[in-house]
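Chemist: Sequence:
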Amino acid sequence: MNVREAINFGLNKLNFEDIRENKRKKQMNVNPIHVSMVEHVWMEFTTLLVFVQACTMEGVVKAYCDMTGSSGGWTLIARFSNADGKNWMRDDAYWWYDILSSQGSPTSASTNSDMISEAFWKVKGSEIKITRNDDSSHSALLRTYTNCFGGKTFRGYMSSYGKFSYRNVWSNNRCLDSCPVYYGGSYQFTVGFTQAHCSSNIQGSYRIGFWCQWSHGDGSVLMFGGGGSGCSRADHGIGITENNYGGFEEWEDSGEIDFGDEANNHNSPTTSYALNLWIR
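Quick note: the sequence shown uses my numbering, first residue 1, plus one each step.
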């Protein structure tokens, strides 16, 4: 069950007065399975954004959800910021593979700091989108649309290609997978998207690539647009490295940042905003 289904199911069974009463008295005269499905819902009617503790197959997740419009149902699962430590670029790739507790501010979409939600490894979905933390409308800079994730969690999808911690090279002159995308919002003015309309050796335009690397150049965990000799190699997108081989440990050439157009240490990364990652 995904978050949107959990919300709809719960709201059909509970009303807000029931929920408030449960909070006041810790008692509820309804089937307790419905309580675990949606334990607490708070809705701000001006934006129709929902905070929810939604039941998944693996337990209860406290997450931030965007339920606006017909394209709603998105769950915020991660944020990438260059304004703090390199949590996403640790040599052990701990946040990508192993961490089992939320870090940062999982119920905020506007904070400019790294974040990972339990939804990263618990909430299943078919598509992802990327937004900016300084955009309160959560307009997709990039969105997949062809059942890219096939009902997997984000971690489940990414780890299915292997565990690439330390010097484990993730690919060689290719992306391990890719999906077509739509672009939107302010993507043309957002770092990481300079090759959005470029096509070259390892990937074409209007695509997102996963675990990408090119030549003795560099790599990215998530590459936006084209990659290769004609598209500024492979270090543009999220989780980018100047290491000559795709990997988290810098052992030959250096420079790595959470997101950007170039991982070179001589370039100052953008710190004024962060990128949010959502699934549905």
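Quick caveat, the hints were computed from the structure, so don't treat them as lab data. You may find that some hints are simply not true.
Computed cross-link-like contacts, PhoX-like style, restricted to lysine-lysine with a CA-CA straight-line distance of at most 25 Å [said to hold, decoys possible]:
1) K163 x K152
2) K163 x K86
3) K62 x K152
Chemist: Taking the hints in turn, state whether each one holds.
Modeler: Each hint, compared with the structure:
no. : hint        : in the structure
1   : K163 x K152 : holds, 17 Å
2   : K163 x K86  : holds, 19 Å
3   : K62 x K152  : holds, 19 Å
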